[in-house]
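Given chain A's structure and the hints, the job is docking chain B onto it.
Protein chains: 2
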Amino acid sequence: MHVTFDGSRVTAGSEARERFYDSRGYGRPRDGNLELAPVEAAHLLFRGDIPAVHDDRGGEALDFQAYLASQAVSEVDFFVYKDLRDRGFYLSPAPEEDAAADFLVYPRGQGPWDDDLAYRIHSKSERAEVAAATMRSLAGEDETDHGDDEPTGVLAVVDEESEVTYLSVDRRRPSGSTAHDIPSAEGDLLADRVLVGDPPAVLHERAFYGQPLDSEDDPLQLSLVEAAHLAGEGRLSLSGDGGVERIVERGREVEGERFERRLRAYAALRDAGVVPKTGFKFGADFRTYANVESVDDLGHSELLVRVVPGDHTFDPRDLALDVRLAHGVRKTMVYALADSEGVTEWLAVQRLTP
Amino acid sequence: MHVTFDGSRVTAGSEARERFYDSRGYGRPRDGNLELAPVEAAHLLFRGDIPAVHDDRGGEALDFQAYLASQAVSEVDFFVYKDLRDRGFYLSPAPEEDAAADFLVYPRGQGPWDDDLAYRIHSKSERAEVAAATMRSLAGEDETDHGDDEPTGVLAVVDEESEVTYLSVDRRRPSGSTAHDIPSAEGDLLADRVLVGDPPAVLHERAFYGQPLDSEDDPLQLSLVEAAHLAGEGRLSLSGDGGVERIVERGREVEGERFERRLRAYAALRDAGVVPKTGFKFGADFRTYANVESVDDLGHSELLVRVVPGDHTFDPRDLALDVRLAHGVRKTMVYALADSEGVTEWLAVQRLTP
Numbered sequence: 001m002h003v004t005f006d007g008s009r010v011t012a013g014s015e016a017r018e019r020f021y022d023s024r025g026y027g028r029p030r031d032g033n034l035e036l037a038p039v040e041a042a043h044l045l046f047r048g049d050i051p052a053v054h055d056d057r058g059g060e061a062l063d064f065q066a067y068l069a070s071q072a073v074s075e076v077d078f079f080v081y082k083d084l085r086d087r088g089f090y091l092s093p094a095p096e097e098d099a100a101a102d103f104l105v106y107p108r109g110q111g112p113w114d115d116d117l118a119y120r121i122h123s124k125s126e127r128a129e130v131a132a133a134t135m136r137s138l139a140g141e142d143e144t145d146h147g148d149d150e151p152t153g154v155l156a157v158v159d160e161e162s163e164v165t166y167l168s169v170d171r172r173r174p175s176g177s178t179a180h181d182i183p184s185a186e187g188d189l190l191a192d193r194v195l196v197g198d199p200p201a202v203l204h205e206r207a208f209y210g211q212p213l214d215s216e217d218d219p220l221q222l223s224l225v226e227a228a229h230l231a232g233e234g235r236l237s238l239s240g241d242g243g244v245e246r247i248v249e250r251g252r253e254v255e256g257e258r259f260e261r262r263l264r265a266y267a268a269l270r271d272a273g274v275v276p277k278t279g280f281k282f283g284a285d286f287r288t289y290a291n292v293e294s295v296d297d298l299g300h301s302e303l304l305v306r307v308v309p310g311d312h313t314f315d316p317r318d319l320a321l322d323v324r325l326a327h328g329v330r331k332t333m334v335y336a337l338a339d340s341e342g343v344t345e346w347l348a349v350q351r352l353t354p
Numbered sequence: 001m002h003v004t005f006d007g008s009r010v011t012a013g014s015e016a017r018e019r020f021y022d023s024r025g026y027g028r029p030r031d032g033n034l035e036l037a038p039v040e041a042a043h044l045l046f047r048g049d050i051p052a053v054h055d056d057r058g059g060e061a062l063d064f065q066a067y068l069a070s071q072a073v074s075e076v077d078f079f080v081y082k083d084l085r086d087r088g089f090y091l092s093p094a095p096e097e098d099a100a101a102d103f104l105v106y107p108r109g110q111g112p113w114d115d116d117l118a119y120r121i122h123s124k125s126e127r128a129e130v131a132a133a134t135m136r137s138l139a140g141e142d143e144t145d146h147g148d149d150e151p152t153g154v155l156a157v158v159d160e161e162s163e164v165t166y167l168s169v170d171r172r173r174p175s176g177s178t179a180h181d182i183p184s185a186e187g188d189l190l191a192d193r194v195l196v197g198d199p200p201a202v203l204h205e206r207a208f209y210g211q212p213l214d215s216e217d218d219p220l221q222l223s224l225v226e227a228a229h230l231a232g233e234g235r236l237s238l239s240g241d242g243g244v245e246r247i248v249e250r251g252r253e254v255e256g257e258r259f260e261r262r263l264r265a266y267a268a269l270r271d272a273g274v275v276p277k278t279g280f281k282f283g284a285d286f287r288t289y290a291n292v293e294s295v296d297d298l299g300h301s302e303l304l305v306r307v308v309p310g311d312h313t314f315d316p317r318d319l320a321l322d323v324r325l326a327h328g329v330r331k332t333m334v335y336a337l338a339d340s341e342g343v344t345e346w347l348a349v350q351r352l353t354p
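As they're listed, the protein sequences go chains A and B.
So that you can map any letter, position 97 of the first sequence is 97 in my numbering, and since no number is skipped, the others follow by simple counting.
So that you can map any letter, position 256 of the second sequence is 256 in my numbering, and since no number is skipped, the others follow by simple counting.
Next up, chain A with everything else stripped away, as it sits in the complex (with noise of 0.2 Å):
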């Protein structure tokens, strides 16, 4: 069998075209012939189905090392490729118009001549980078689960040791229940928070804000992202001069633009009647609890909330980290793209098993 290469397709004749297309989904039929992404000839490569390539330009045969070797493909592409055809998967390279995508994935059983997919992969080396908007493409258009309709978006790492990590990624805009009326309180900003020394008891047991002292009846200390929403809300007032100005100057001078995007996150799902306390001991910024009636009778709070630039580089190592320590305490990672207006993105980040 002869299989060209001129350096960005591999073309093989009417008998691949049988032996690969017809019956296991590689490549796309053109003029008669069998056209290969590079990607899947390295895979027929590896496999032994076709002994080599041979190269337009030198005229050299190259076996599946050579022909890895000569760059012709992204190893990180070939491993996940491989591994998606080991779970039995048909596949095929994404059109060139999505940018986002490495590769698209048809459900088990189908291939290539159906019209639908499973899922939209993006490949990445886990040290290399992912752009926020890799991240936004991959989740999607609407507000879903990924339905029947739309392929979820998922972000493939390949590790130093070639393992595949799979990440599904969706939009998730947090939505609750929590609604009280405050009334009016009055505190003495500190350091790195607000103590208030009477404060109505609908602001803790029932609203769930701050945290008293001690027992209940001791004085309520406000994280500085509580007070400076409250404050906002006109629900605060500072004993002395100032309100929410002096306190979101504070958490400025502790916590420099991060406070001030914690905020809008913070504000954003108040909003949205979902209750944000500090994410700290799962290494977040806030976990979130969707309906709270009274602190006595919480129930588990459900998402893990990282606030990030709108423009942010995920670390595929932070993401991993994130998500399996998520998952480890039944919740799920949200990461909240935030710019200078407000929240414009709620992604959710899960571990997924193709």
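Hints are supplied without guarantee of correctness; some may be wrong.
Claimed, not checked - Here are the simulated DSSO-like pairs of lysine-lysine, each with C-alpha atoms no more than 27 Å apart in a straight line:
no., chain 1, residue 1, chain 2, residue 2
1, A, Lys-331, B, Lys-281
2, B, Lys-281, A, Lys-281
3, A, Lys-331, A, Lys-124
4, A, Lys-82, A, Lys-124
5, A, Lys-281, B, Lys-82
6, B, Lys-281, A, Lys-82
7, B, Lys-281, B, Lys-331
8, B, Lys-82, A, Lys-331
In short, the hints are calculated from the structure, not lab data.
Quantities reported herein were computed from a predicted structural model and do not represent experimental measurements.
For chain B alone, kept in the frame of chain A given last:
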């Protein structure tokens, strides 16, 4: 009881000395009176043991809340002090010459009259940063698990709900017994790894370098850091031009300065008889195996290693995340502080319950 505050120290009379120092370890005697650090006075105010302190400068009487609001004491210090008292410890503010420590904690049942120390505590808000120098100082001078002589250095992080998380910091130089003679091999440099077509068996099977593509007879793929180390040791050459420089250059393209830091830590671990493999699934640079005789008989990997620059600033939230994950998989989290010469410190950080 008359207690006065001059802006930095709180002073009370001989009655206070008997009640607070002699029986409960607050403050230190001076000229027959009792001198209290601001945080000690805050705790006595909080408990109601003293109703107010009188501000020498303004003349007002400050109750607990007014005293905290006057910023006489950091509330972060107060929360740590209170938490340790609640746990049954006596503790004193650290002397000023100990720049990294805020508190010295006595063993349970002992106090400032005794010579022993259990912990040296550095207290921080979850939002603040921790300098590498502080971590170094907490770890102490010696390569010990803080035996009887040296108190354990502890980072106490106060989260937004004022819960305190304790992280111990120890020096922990990895060491192992992995040592195998490795014959030279030749490989092809791909985009993100090196492929060795005909590897000596010992390379993977005994010394645990790389990973076969699929089954044992397949080519062996080495990560860039493994390949760079082997090439540097004269055990790997590349087909085509160039050697270790080409690999390091590729590594630098992929992940910048971090590559060389990782390479130095990798070399130090191998030199110590320890096998580093990717820690990607745990969000770390490496997981390590101390004693590898054969890959068919691998033990549990003991450490997760994250390599950081020598002047790194630690974010308490990142520490919490790393340490929690490591604990969950029964490994110890170790930070390798590396400069351009190599790794200068190995710091193990672990959750501690005082």
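Given the proposed pairing of Lys-281/B with Lys-82/A, does the C-alpha separation stay at or below 27 Å? It holds: about 20 Å lies between the C-alpha atoms, which stays within 27 Å.
Is Lys-281/A close enough to Lys-82/B, meaning Cα to Cα at most 27 Å? holds (20 Å)
Is the Cα-Cα distance between Lys-82/A and Lys-124/A 27 Å or less? OK: Lys-82/A and Lys-124/A at ~14 Å, within 27 Å.
Given the hint that Lys-331/A pairs with Lys-281/B, test it: the Cα-Cα distance must not exceed 27 Å. Given pair Lys-331/A, Lys-281/B holds - Cα atoms ~18 Å apart, limit 27 Å.
If you draw a straight line from the CA of Lys-82/B to the CA of Lys-331/A, is it 27 Å or shorter? violated (31 Å)
Taking only the CA atoms, is the gap from Lys-331/A to Lys-124/A under or equal to 27 Å? Given that 27 Å is the threshold and the Cα spacing comes to 25 Å, the pair holds.
Are the Cα atoms of Lys-281/B and Lys-331/B separated by 27 Å or less? holds (13 Å)
Checking one constraint from the list: CA of Lys-281/B to CA of Lys-281/A, max 27 Å. Satisfied? holds (20 Å)
Going through the hint list in order, the structure does not satisfy hint 8, though it satisfies all others.
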